[in-house]
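Novice: Residue-level listing of the chains:
4 protein chains.
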Amino acid sequence: MTSSVANGGTAVTKLWTGDYYNEGNGDKDSIFDKLKEECGVFGVFGHPDAANLSYYGLHALQHRGEESCGICTSDNGTFHYHRGMGLVKEVFDRDKLESLVGSQAIGHVRYSTAGASRLANAQPLVFKYRGGDLAVCTNGNLVNEPGIRKELEDSGSIFQTTSDTEVIAHLIARSPKDLVEAVKDAFARLIGGFAFLIQTQGRLIAACDPHGLRPLVMGRLGDGYIFASESCALETIGAVYERDVQPGELLILDKDGLHEDRFAPLERRAVCAMEYIYFARPDSDIYGVNLHTSRKRMGQTLAQESFVDADIVTGVPDSSISAAIGYAEQTGIPYELGLIKNKYTGRTFIQPSQELREKGVKMKLSAVRKVVEGKRVVMIDDSIVRGTTSLRIVNMLREAGALEVHVRITSPPFMNPCYYGIDTPNPADLIASSKTVEEIRQAINADSLYFLSEKGLIDSVGGHDDEYNRGLCLACFNNDYPTPVEFEDAKLTSCSCD
Amino acid sequence: MTSSVANGGTAVTKLWTGDYYNEGNGDKDSIFDKLKEECGVFGVFGHPDAANLSYYGLHALQHRGEESCGICTSDNGTFHYHRGMGLVKEVFDRDKLESLVGSQAIGHVRYSTAGASRLANAQPLVFKYRGGDLAVCTNGNLVNEPGIRKELEDSGSIFQTTSDTEVIAHLIARSPKDLVEAVKDAFARLIGGFAFLIQTQGRLIAACDPHGLRPLVMGRLGDGYIFASESCALETIGAVYERDVQPGELLILDKDGLHEDRFAPLERRAVCAMEYIYFARPDSDIYGVNLHTSRKRMGQTLAQESFVDADIVTGVPDSSISAAIGYAEQTGIPYELGLIKNKYTGRTFIQPSQELREKGVKMKLSAVRKVVEGKRVVMIDDSIVRGTTSLRIVNMLREAGALEVHVRITSPPFMNPCYYGIDTPNPADLIASSKTVEEIRQAINADSLYFLSEKGLIDSVGGHDDEYNRGLCLACFNNDYPTPVEFEDAKLTSCSCD
Amino acid sequence: MTSSVANGGTAVTKLWTGDYYNEGNGDKDSIFDKLKEECGVFGVFGHPDAANLSYYGLHALQHRGEESCGICTSDNGTFHYHRGMGLVKEVFDRDKLESLVGSQAIGHVRYSTAGASRLANAQPLVFKYRGGDLAVCTNGNLVNEPGIRKELEDSGSIFQTTSDTEVIAHLIARSPKDLVEAVKDAFARLIGGFAFLIQTQGRLIAACDPHGLRPLVMGRLGDGYIFASESCALETIGAVYERDVQPGELLILDKDGLHEDRFAPLERRAVCAMEYIYFARPDSDIYGVNLHTSRKRMGQTLAQESFVDADIVTGVPDSSISAAIGYAEQTGIPYELGLIKNKYTGRTFIQPSQELREKGVKMKLSAVRKVVEGKRVVMIDDSIVRGTTSLRIVNMLREAGALEVHVRITSPPFMNPCYYGIDTPNPADLIASSKTVEEIRQAINADSLYFLSEKGLIDSVGGHDDEYNRGLCLACFNNDYPTPVEFEDAKLTSCSCD
Amino acid sequence: MTSSVANGGTAVTKLWTGDYYNEGNGDKDSIFDKLKEECGVFGVFGHPDAANLSYYGLHALQHRGEESCGICTSDNGTFHYHRGMGLVKEVFDRDKLESLVGSQAIGHVRYSTAGASRLANAQPLVFKYRGGDLAVCTNGNLVNEPGIRKELEDSGSIFQTTSDTEVIAHLIARSPKDLVEAVKDAFARLIGGFAFLIQTQGRLIAACDPHGLRPLVMGRLGDGYIFASESCALETIGAVYERDVQPGELLILDKDGLHEDRFAPLERRAVCAMEYIYFARPDSDIYGVNLHTSRKRMGQTLAQESFVDADIVTGVPDSSISAAIGYAEQTGIPYELGLIKNKYTGRTFIQPSQELREKGVKMKLSAVRKVVEGKRVVMIDDSIVRGTTSLRIVNMLREAGALEVHVRITSPPFMNPCYYGIDTPNPADLIASSKTVEEIRQAINADSLYFLSEKGLIDSVGGHDDEYNRGLCLACFNNDYPTPVEFEDAKLTSCSCD
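Protein sequences, first through last, are from chains A, B, C and D.
For the first sequence, counting from 1, position 446 maps to 446 in the UniProt record's numbering; every step adds exactly one.
For the second sequence, counting from 1, position 396 maps to 396 in the UniProt record's numbering; every step adds exactly one.
For the third sequence, counting from 1, position 249 maps to 249 in the UniProt record's numbering; every step adds exactly one.
For the fourth sequence, counting from 1, position 398 maps to 398 in the UniProt record's numbering; every step adds exactly one.
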């Protein structure tokens, strides 16, 4: 990749800002080396408040991407769109929303990469092609995108973004068939995990990859249809959940209503396990399973698999609170607020200098001395990626007076990169890829360490008994990828949704 | 009050903003008709990173005031200050912080009133007087401020703000005595609840009202001294808690170190009970009592006083989570995530129209259908003010399928206005001032309702046995005000810190 | 055109702005219904300060486009770019400029259409294609763009902007030949008036349309080469003017220096006469003719053609000052400041309401009562488009006490639309297309009216005697277009540079 | 002065800005070492559009102060105000203006000092005192302010700004008399040059210092009264000029209409000559003299006093254009555009580095090569302060090919500091205070240099024959100050309006 965006020294807020934003310092998760969520999509068909509903729907999906967002509506053949860098509440104001007229809309939230990012990559992307106007947005990652892109370039295509989405648009535009057939042909060429929303004048198309790696649900609001990456967005706007979009399915909405179609047969369902473990909101359901409930079960199962005698249980906020409560309930050890997160921390927060950090200035997380002092602590977290965060948190608890720190993780060791939309670090940096559990324990300075078993995880999620792994993709734990991933140019999710 | 600030129609973000910000629509707590916290103060003496530490300290106190903030440093006799509208992370950037040189600093966060607000009221206020430069900031409210203000005006004083703080500065400047004696004389005239920080060239003075109504702690960081409204700010910057500033105490720091003095004898300690119930951060300690722990005990006591058979316990986020867990542990009923708050909601968020709200668009809080459906729910909250919020939340749970909703409140009925810094609505609007518990139950559509007893509250907080009410002010529950409040011009906390 | 950008009600300034800006009310020239300038381009090759020089160069060209701007540099094969809505000084800050490293750059300023505008159209456009990175910017308009676009769409191309520039990029990318040959093939297909700058890794290409309709000059600064739409930008950065880029020429710069080439033979030169009359800065030279000097000559010629006895001569600021001084010098009637323009008026200025305007509140222009009261005034202007502005100004002078107002225009009647980059209103709205001079005089309430003759204009500009019309395009006056303009889809400059 | 505002490194634009703006680099006039204008005031009484009229009026006075501005209205006893850093068009938007209800208003524009500046000094200042609300704004400088301030501090006053205006408010508030008498007593103590507007509930008071050093005019709009520093602001809003406020006069407007009063007898009128020479807008009239006309006469008189044979006359834009045209008309030498100013330069413009400047990058002014090449040039300017600017401009003309440069100045040598509101550099830096005209000529590299004689200046301004110096203050040229200026603490206009 030879083209990069300008990279200024510090984050500067501009009156008339341009087409990129440069996160001055790596605020995001410089302590929390968490896996990065990818993106969220939202769509409306046949409702007069399409833009407003998209605003509230995307707001509910904000945790899936904080970097940029956008909405494109269609009104009697005219597209209206607005995209920008920042949170939904920052990018849109009343005037902008009012200008997005029409009863159809698709919208997107995009996650922030560690380095520079740019508005050009904000979605939905909007194109003109032979068939008229086309807006596309996606959540996920195409493994074989580099090969398709090269093939397109070789036949004279030009690209203005680094996004998979633009590749799809080219494939659709180059097909001589009508839209639905062109989309089906295009999708049939894609390998990866993705949820797509495509809008043309008078039509909205929703699709999931053949393994359902990335979630997508459909709901109803009055006479209108709603699509969202997570069901919490349906609840937020008062829509009624109807069903999950099935792997390989293509749902088409037009003036005649809903048409159910497929671009691929349903093979093995393999929903990303990390959606259950960490990404999705606890009030969402995926394939009928509530996330809070499933995480609480993970905590309970973990307690059954690895009880340890202790004085308190605490969870790393926010993602591990449900599991920690489950662990506490199962063991009878009281759940306490041993760790607290400052809810005001965000993009523009000035990180403490290395010097101040060494002097004890905390960033967004701190231990609660009165709660942990003199206690044996069970600390629940959802995963260990590089191990650096775990070490910091364990040490934070010890400095606050914890006598023992027992770390319990609600997933198996994370060992393999993701090709389907989760931004994983260089595989060599995954601590579990090179270290044993005992070595990890030492590295994070814990008194004991236990990872939830694969079976424990599968059982905690629950769902259909008859499916392979109950319909989960566990490749990051067990290297069992649901698609081929070995291509000359295979694309890891280095920057998801691109 | 005849002078008011301009009041525009909608919130507008400006490149060159001026001296007021007008919250376009009452976003803040339009659903949560919570009591408003007042302000937070932070001070540093004798540390080279004074401004940076203040930034992180104020950030930890952000929950005490989101409207405006400011820092004033002193460097070899030169004051540097910056104040602005917004959160700490919005008002300060690296350049601003770097320009605030010096080893002394005082800082402030101020809460947002429902209506207009203005930069002129942002603190610290900075004055020049005969003695040189003077910076003052405060948390609390003076009951007899109107009388003192009138007396000052009558003798020719002019006022540029509506703040108590300016009144204090006038009193100090008009005294012919030296600074410390002038401050003592000034404070001796004040009736109310307050914590003050005063900075002059080479001196920092901290003081609490004679009943300790508003909290203030002192800590040490290296050779430096730190003051903060709550101990969580000490922890955040790595400082060690030393002690609470005592009621009526005056602590003076200068080149010779710490001088302990008094402007009033220690009479009855009467710390605001709402700090324990709702305001202070759960990781703070006030007079040695941890807030999370005390809230969890409130939940446990509540369970003992009013057990109800149910399927799940849920807390209204964020303030009632600790208590809900306590209730669950005590009863054995599982704690579940029945209500969830969108963490991205904030000042610039566009509220749904009445029409959309009626169609089901949720604002910042929503019920988790999968969790509450078909369940008998115990819902824990910290207080009922007008009752409108409770009604909405109960209905939200019912619409999500709850079979029964049993409301349990971790405080006695809130019946009397506060004169000491908590912004209470018109007393007639306090639902408990005119309705019985049964009438309130009906008004909020609950299956049952119980308020924690006064004794239960006192015992849950704990602390010194020998103190009257264990050192708490419970006036809002029992009308037992620790100071006289009956003056011709007595000032309610209509706009706290003013 | 079915795709349009969202169109909000009022201009709103955003922290995190998105990809369009919507000029809330038609501030720009709502009184001055002037013709709109198109765009300006600037390029640097072989100078270490490429981005900084582009900043100052574009700033000097700001009058050619105030809506958006951008710079793209190339540094050892890596492109860096930034584009934004607003003036050069608003879009770039020190950090942004510093991040644009490299010794090659192309930049662009774009003019504001009356209605909405969007960042997506800001230039340079940056693409990836088979050959690597490609950045393109242009000033002008392609008459046959719709046909080429349709042909491209029919063969599967997708478009993200409405810009001619994207069409060119597609043509280049689709050619199997090497870059220079591909560019030559692409340009050979274009009909219209344009100046292009194209940047690839290690190469900069500059080109002018075969009639030289839009100006482009080359200069030298040290060892580097500079390109600019107007020579004033060379002067601003201290570069030495070398020569105008000739019609049909292709200048290629690479590591071996300058290569002179052609994509079309030099036929008839036909430089846009409006550049001389109105658009270009008075300190620029086009084909060796200084603009101030040529405008002063227009005023002198006008005086010779249509002397009128009067007390004072005044020019409509800013564009007609030079001509007015010429008229004054020729006639001996004193030049006076009869009209003044408020230099602070700009994009964010709030226009007075209709009611206030009727009460006499002036916008950006006002008459100077003391100067014009009781005087017979000769008012010099450069053109009459719709006539509405002329009427307002004449009335303004009369209200300030002018006894007579004699209007003298430094160009012939403007009767025909432009296909080459000047945004002209609907031809039916051109007052001269349907009214005689006498009718126009009445419409604008003047005592007398005279338009400079075509010959007078040609002679005033001067330049080579042997060229047809001395190398000018006068089509807007005489319908004599230098290129074919009759196509099924011929594109008027409805939105120049698109 | 021990209290200073924070001083960041670079200009940073903030969403939520605070109470100071720090001009990152000394953009303003780093080349033009011009004298700085002070401030402008504007007032409305008895007109329903008071805020809107103030907006347009202040916009017309923007040249008198670009740093900050503000408007305070009064509506049935309620004050509404907004102040901010920046231009009028930047500080106010539609919402802000609409919120400023009422039929009375006073407003202010303030000039920018070279260094930091702060919102706290933005005017009008608004106070509460015994008598109710009080808003004050001023243009000018009080010589004896330090003494009065000290006296006030000694009796217990506190100050929040460094402004003269706050001193006045204290004096008024401390007087036991009624408002008008209090104002008269207060003003009687002031020595200096000033124009004041004071607003209370139901009253507007306008006043000029006893010598009329700073201009102030009154006009009528319908039934309403308008006050403005310059008459151009009356014209802009369609008001009719009525009269200048006389030296020592106090005009009071209340529900009974206009009351004419005096706080001092009319002694010698001494209007600041620099208002005529340089500061005021050319379309303004002061005491009946139009500024353009008077400047043109200065040019004509200069031509009579110091004819020089040359090829062209050029003026330094913008202030010397009128005079240059006068010189040209008088001599018959053609006026040409030899120098041009970039109209887009402004506050946020990034100044070229020293290195780039040495390489020839121009800032806002450049010479027009084609116009001056090979010519003998007469260059007209209004004054020489330090001489550095003149040297740069002369050299610029020479580098552009001028054969000779003859500098003609429309004022006598500027030798003495101003105590009345013009920000003059350290007297030692005034080139004319230590050098002869011949030495100055050498220092600025001119072929010849001539300063307009004092008599020539006086005659060019014109006005009443019978007044001493025709009512002008020429102290900066001849040391003849109209007031005492020798006090222990006398305040030079180091930062005017403070």
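Treat the hints as calculated values from the structure; they're not laboratory data.
Because the structure is a prediction, the values reported are computed rather than measured.
Errors might be hidden in some of the hints.
Pairs of lysine to aspartate or glutamate, EDC-like flavour, derived with a Cα cap of 16 Å [said to hold, decoys possible]:
(1) 177(A) with 154(C)
(2) 184(D) with 75(D)
(3) 150(D) with 133(B)
(4) 455(C) with 465(C)
(5) 359(B) with 153(A)
(6) 455(B) with 466(B)
(7) 359(C) with 260(D)
(8) 455(A) with 467(A)
(9) 184(B) with 261(B)
(10) 455(C) with 439(C)
(11) 341(C) with 260(D)
(12) 177(A) with 153(C)
(13) 177(C) with 153(A)
(14) 150(A) with 133(C)
Novice: With reference to the structure, classify each hint as holding or not holding.
Specialist: Each hint tested on the structure:
1. 177(A) with 154(C): With Cα atoms ~12 Å apart, residue 177(A) and residue 154(C) stay inside 16 Å; holds.
2. 184(D) with 75(D): 25 Å, violated
3. 150(D) with 133(B): 14 Å, holds
4. 455(C) with 465(C): It holds: about 12 Å lies between the C-alpha atoms, which stays within 16 Å.
5. 359(B) with 153(A): 48 Å, violated
6. 455(B) with 466(B): This hinted pair holds, its Cα atoms lying about 14 Å apart.
7. 359(C) with 260(D): With Cα atoms ~28 Å apart, residue 359(C) and residue 260(D) exceed 16 Å; violated.
8. 455(A) with 467(A): 14 Å, holds
9. 184(B) with 261(B): Holds: residue 184(B) and residue 261(B) sit about 9 Å apart, inside 16 Å.
10. 455(C) with 439(C): 23 Å, violated
11. 341(C) with 260(D): 35 Å, violated
12. 177(A) with 153(C): 14 Å, holds
13. 177(C) with 153(A): 14 Å, holds
14. 150(A) with 133(C): 14 Å, holds
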